[in-house]
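S.K.: Now for the letters of each chain:
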Amino acid sequence: MSAADLSPGRTSGLNSGQPAGSPTGLCSSPTARPLRHVSTRFLRSELWLIFGRRRNQAGLGILAVVPLMIAITVKMSTPRPGRGPDFFDSITSNGLFVALASLSIELALFLPLAVGAISGDSVAGEANIGTLRYLLTVPVHRTRLLAVKFAAITIFSLVATIWVSLVGAAAGLVLFGGGRMTMLSGSQVGMGSAVLRVVLATIYLGVCFASLGAIGLFISTLTEQPIGATIAVVVINVLSFILDSIPQLSWLHEWLPTHWWMSFADVLRDPIVWGELTRGLLTAAGYMLVFWLAAWARFSDKDVTC
Amino acid sequence: MTEELGDFAVATQGLTKRFHQQVAVNAVDLLVPRGAVYGFIGPNGSGKTTTIRMLLGLIRPTAGRHSLLGKAMPDHSEDVLPLVGSLVEGPAFHPYLSARANLVRLDSVDRHADPRTTKARVDGALDRVGLLAAADKKYRAYSLGMRQRLAIAGALLAQRELLVLDEPTNGLDPQGTREVRHLIGSLADDGATVLVSSHLLSEVEQVCTHIGVMHVGSLLTQGPIAQVRAVSEPRARVVTDRSQDAARVLRGLGLTDVAVESGLATGALGALAAETVVVALVSAGVPVTGFAVERPSLEDLFVSLTGEGFNVSG
Chain Z
1 MSAADLSPGR
11 TSGLNSGQPA
21 GSPTGLCSSP
31 TARPLRHVST
41 RFLRSELWLI
51 FGRRRNQAGL
61 GILAVVPLMI
71 AITVKMSTPR
81 PGRGPDFFDS
91 ITSNGLFVAL
101 ASLSIELALF
111 LPLAVGAISG
121 DSVAGEANIG
131 TLRYLLTVPV
141 HRTRLLAVKF
151 AAITIFSLVA
161 TIWVSLVGAA
171 AGLVLFGGGR
181 MTMLSGSQVG
191 MGSAVLRVVL
201 ATIYLGVCFA
211 SLGAIGLFIS
221 TLTEQPIGAT
231 IAVVVINVLS
241 FILDSIPQLS
251 WLHEWLPTHW
261 WMSFADVLRD
271 PIVWGELTRG
281 LLTAAGYMLV
291 FWLAAWARFS
301 DKDVTC
Chain W
1001 MTEELGDFAV
1011 ATQGLTKRFH
1021 QQVAVNAVDL
1031 LVPRGAVYGF
1041 IGPNGSGKTT
1051 TIRMLLGLIR
1061 PTAGRHSLLG
1071 KAMPDHSEDV
1081 LPLVGSLVEG
1091 PAFHPYLSAR
1101 ANLVRLDSVD
1111 RHADPRTTKA
1121 RVDGALDRVG
1131 LLAAADKKYR
1141 AYSLGMRQRL
1151 AIAGALLAQR
1161 ELLVLDEPTN
1171 GLDPQGTREV
1181 RHLIGSLADD
1191 GATVLVSSHL
1201 LSEVEQVCTH
1211 IGVMHVGSLL
1221 TQGPIAQVRA
1231 VSEPRARVVT
1241 DRSQDAARVL
1251 RGLGLTDVAV
1261 ESGLATGALG
1271 ALAAETVVVA
1281 LVSAGVPVTG
1291 FAVERPSLED
1301 LFVSLTGEGF
1311 NVSG
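Those sequence lines, one after another, are chains Z and W. Take the first sequence: its letters are residues 1 to 306, numbered as in the working numbering. Take the second sequence: its letters are residues 1001 to 1314, numbered as in the working numbering.
Quick caveat, the hints were computed from the structure, so don't treat them as lab data. No experiment lies behind these values; they were computed from the predicted model shown. Hints are not guaranteed to be accurate.
[Claimed, not checked] Which residues of chain Z face chain W? A few of them, derived with a C-beta cut under 7 Å, are: (1) L35; (2) S45; (3) I129; (4) G130; (5) T131; (6) L135; (7) T137; (8) V138; (9) V140; (10) D303.
[Claimed, not checked] Okay, the calculated bits of chain W under chain Z, using three or more residues with CB under 8 Å as the criterion: (11) 1056 to 1069; (12) 1107 to 1117; (13) 1291 to 1298.
Glycine residues also receive a C-beta, built at the ideal position from the N, C-alpha and C atoms.
Please model the complete structure; the sequences and the hints are all you need to start from.
M.R.: Okay, structure coming up:
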């Protein structure tokens, strides 16, 4: 910012904050900056912030450790039928089961933790470092901010789930091969149908985790501490699993956010049993709607003092 | 709001903010004419930043209303804010991104920004604040002064009619402070209105056409700087070893508030021309070894307005 930089005749820099190509100066009306067409720039910027961040890349790396661990340990151990958790016995028969086994293990904590970290950070993280006030004065309409933030959370949930599935499927297919897949009902389906079922299970769980992300978005509007919001999401997730395991609370179970998650295994029935999957998707959609609206109600006229 | 408020870049009526029991801003009627460089001064905690947050729609006023560029806020914030560049309560960026990436991020959320010109505008803004050479450094590696400059660059990313700069020279070295003053001057020369808040009075004095003085949440006075200054008059200051005689001459000329100290006589000049005082002193045979007309500094002005020093308000 030398004197030369500030002289009005300088052409390489900006004069009076005008962008290049607007020589008419500042005597313009408040419509001088035309609104551009609907653009995905904000969303792309969000995704770039999420996936470009070291911390999140490391998190995705950790998510990938589970399928690799499962594939390798099963490969090295001698099979002992009937003693492993779901899907483990079947892994040696078809490598795709590594993906399903990984999802069933990571859905309890790792994937919810990842979604909790991203959703908890979504608004509270910006508030914490102060960038929220600069977003709002750009201006970014608060409703638009919440919509884009939630879209990014949903995309992250899907990508993280697909990532676990993909690493599991790749490791499984390399170590155990593919081929026909035995369903829970005992019949067998071809490889194409098997892949389709794993994809369905993955997307189903991705949507389920996104509903947890909606809760995270809401909590994120309540605080300026992203870590606190993340912990709250994980606590809600664990609490939901605990409540789901108490038989005396059976009336509550079907309303819990995590209750239908394990139903993803229904894609392995022949034909696929849609009942619980549909309930699961409806529950997820309900949680998304309610908590997105709660976030909006909380945030739309909140004083931003950070 | 009436039509004539269009002449003002910022106009508030009874703007008030109460946090629980504490009144942070109390019925402020701010008027910033278009084209002005408005120095918004007051000690830390006097309500400047809270007022600015209300102007930009970050917090809701408890009472009162305001308009920016002639349009009522917050109803028209989507039309008005794109024309307002702001720096609020210090810089804030993503620490793990470079300066350039941070500005691109800001630009990409702006629905009025043309992505084809992003690179040119980002580089232009960085150049304007002298950060182009450090553009690819991570924000976390930036010094406080560099961060402050980056925040100013963020305000200059697009064409602006109004710049709201809250303590823009915070953390800058004397050279940086001078550069920001020049920058404010050049922005005003190009037709933008600048509202600049500061707790450093001397800084504001040199660059502003208008000032408003905040104290404990209230706007004590505002207007063109000469008019505000006129509240406390310039004083003649005579250095002489016959100060009693000098004082007699000053009184004889009609100066008011004449005071005598050892080797010194002072008095308020009023409308009197300074040179007539010197002539009168010399012709009365008073040996004058020094003569000066002292304009009160803004700090003196502030003390005279509030009856207190320029300290943090509780």
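S.K.: Now tell me, hint by hint, if it's right for this structure.
M.R.: Status of the hints after comparison with the structure:
1. With its C-beta approaching chain W no nearer than about 6 Å, L35/Z sits inside the 7 Å limit, and its interface hint holds.
2. Look at S45/Z: its Cβ gets to within about 4 Å of chain W, closer than 7 Å, so that hint holds up.
3. This hint holds: I129/Z has a C-beta 6 Å from the nearest C-beta of chain W, less than the 7 Å allowed.
4. A least Cβ separation of about 3 Å between G130/Z and chain W falls short of the 7 Å threshold, and the interface hint therefore holds.
5. With its C-beta approaching chain W no nearer than about 5 Å, T131/Z sits inside the 7 Å limit, and its interface hint holds.
6. A least Cβ separation of about 6 Å between L135/Z and chain W falls short of the 7 Å threshold, and the interface hint therefore holds.
7. Interface hint at T137/Z: satisfied, since its Cβ lies 5 Å from the closest Cβ of chain W, which is below the 7 Å cut-off.
8. Against a cut-off of 7 Å between C-beta atoms, the interface hint on V138/Z holds, since the closest Cβ of chain W lies about 5 Å away.
9. Proximity of V140/Z to chain W holds as hinted, the smallest CB-CB distance being about 5 Å (cut-off 7 Å).
10. Because the beta carbon of D303/Z sits about 4 Å from the nearest beta carbon in chain W, less than 7 Å, this interface hint is met.
11. Look at the stretch 1056 to 1069 of chain W against chain Z: 6 of its residues bring a Cβ nearer than 8 Å to a Cβ of that chain, three or more, so the hint holds.
12. With 9 residues carrying a beta carbon less than 8 Å from a beta carbon of chain Z, the stretch 1107 to 1117 of chain W meets the three-residue requirement, and the given coverage holds.
13. Counting residues of the stretch 1291 to 1298 of chain W whose C-beta sits closer than 8 Å to any C-beta of chain Z gives 0, which falls short of three, so the coverage hint is violated.
In the structure shown, a violation is registered for the earlier hint numbered 13 alone.
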